[in-house]
Amino acid sequence: MKTPSRRRSRALKFGITPLIDIVFLLIIFFLAASHFAQSETAEAVELPNASEVEAEQPDQQLSRLVVTVTADGHYHVGGVLTESDVLAGRIRQGRTEHGEVFEVRIRADRTLAYRTVEPIMIASARAGVTAVKFAVIEK
Amino acid sequence: MKTPTSHDHRDIDADQAMTPMIDVVFLLLIFFVCASAGQIAEALLPTELSAGSLETVDAVQPETPLGDVWLYLRRDSQNRTVVQVNEGGVEHVDVSRAAVRAELRSQLLALAGATTEIPVILDIDDDVSVGDFINVYDICRAAKFDSINFATDVTGKVEANE
Numbered sequence: 001m002k003t004p005s006r007r008r009s010r011a012l013k014f015g016i017t018p019l020i021d022i023v024f025l026l027i028i029f030f031l032a033a034s035h036f037a038q039s040e041t042a043e044a045v046e047l048p049n050a051s052e053v054e055a056e057q058p059d060q061q062l063s064r065l066v067v068t069v070t071a072d073g074h075y076h077v078g079g080v081l082t083e084s085d086v087l088a089g090r091i092r093q094g095r096t097e098h099g100e101v102f103e104v105r106i107r108a109d110r111t112l113a114y115r116t117v118e119p120i121m122i123a124s125a126r127a128g129v130t131a132v133k134f135a136v137i138e139k
Numbered sequence: 001m002k003t004p005t006s007h008d009h010r011d012i013d014a015d016q017a018m019t020p021m022i023d024v025v026f027l028l029l030i031f032f033v034c035a036s037a038g039q040i041a042e043a044l045l046p047t048e049l050s051a052g053s054l055e056t057v058d059a060v061q062p063e064t065p066l067g068d069v070w071l072y073l074r075r076d077s078q079n080r081t082v083v084q085v086n087e088g089g090v091e092h093v094d095v096s097r098a099a100v101r102a103e104l105r106s107q108l109l110a111l112a113g114a115t116t117e118i119p120v121i122l123d124i125d126d127d128v129s130v131g132d133f134i135n136v137y138d139i140c141r142a143a144k145f146d147s148i149n150f151a152t153d154v155t156g157k158v159e160a161n162e
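From first to last, the protein sequence lines stand for chains F and H.
Residue 93 in the numbering used here sits at position 93 of the first sequence; the count goes up by one each step and never skips.
Residue 82 in the numbering used here sits at position 82 of the second sequence; the count goes up by one each step and never skips.
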């Protein structure tokens, strides 16, 4: 009987495990990168503190508009810089598409002046949106 | 020379396969730990506006608060937020301080103790910071008032927004 040589046994090995390593690594990387790129909370803001908070309802994710107001006073929707008139249009559009369940969520930096937040509240009221929520850090 | 048996080969393969698997598991573990540690959980402070009321509600003059509680938020010369409870009422200077917020809270709790049906109207100056306005609104919610409104100035006059 022929004894298998060391050379042949090496050639028969197929390294599928490192391949799976790399594939998983790439999947995780792209998932994480795309999540952070399109996240509603991509812009870092210093949120105000509050104690009378409510928990987030997971089923509201599709019928809300998250507006981030950064410390420089700019509005961002879905990670995109948005002008105030465009923002008002987005609120009206959301109200038309989703009806009464539509809500506007404001993520505003705590150091900002009230004048930067008030137009969002006025635009929401004019569009018929009753649920306006402020993102805060629970005390 | 000893010829390696097929049993020995299987043992070696199994040992070699464990190491990359542990690599992957640790990699996933580290990734999820890092991803979760970097995020601060956000909570929500809800408001309920009356839709489309800006153009329909009659002007409510702040000078004659009949049965309402008006909270005037403004900035003073030293850039502190001052909260005045009703026209000519008590002033709480610098609500960013916990002690001042406690005073305001006790006053509003006393008002709410009589009845929570008194509408509270927040008249906020443009210069007041979001952090201070959220603090005051949070105190109003803690006092369990039924109706907390925001005064706006969209047409040159102050109107109730809720």
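By construction, these hints were calculated from the structure, which means they are not laboratory data.
Just so you know, these numbers come straight off a predicted model, no measurement behind them.
Among the hints, a few may not be true.
To be verified - The calculated lysine to aspartate or glutamate pairs, modelled on DMTMM-like cross-linking and capped at a C-alpha distance of 20 angstroms, are:
id : chain 1 : residue 1 : chain 2 : residue 2
1  : F       : Lys-139   : H       : Asp-23
2  : F       : Lys-139   : H       : Glu-103
3  : F       : Lys-139   : H       : Asp-94
4  : F       : Lys-139   : F       : Glu-52
Claimed, not checked - Okay, the calculated beta carbon distance ranges per label pair:
id : chain 1 : residue 1 : chain 2 : residue 2 : range
5  : H       : Ile-22    : F       : Leu-31    : 32 to 40 angstroms
6  : H       : Gly-113   : F       : Phe-30    : 42 to 50 angstroms
7  : F       : Asp-85    : H       : Gly-67    : 37 to 45 angstroms
8  : H       : Glu-103   : F       : Ala-71    : 47 to 55 angstroms
9  : F       : Glu-138   : H       : Gln-78    : 35 to 43 angstroms
10 : F       : Ala-33    : H       : Glu-103   : 47 to 55 angstroms
11 : F       : Gly-79    : H       : Asp-125   : 38 to 46 angstroms
Glycine included, C-beta positions come from ideal geometry on N, C-alpha and C.
Subject >> Violations among the numbered hints, reported as their numbers in ascending order >> reply: 1, 5, 6, 8, 9 and 11
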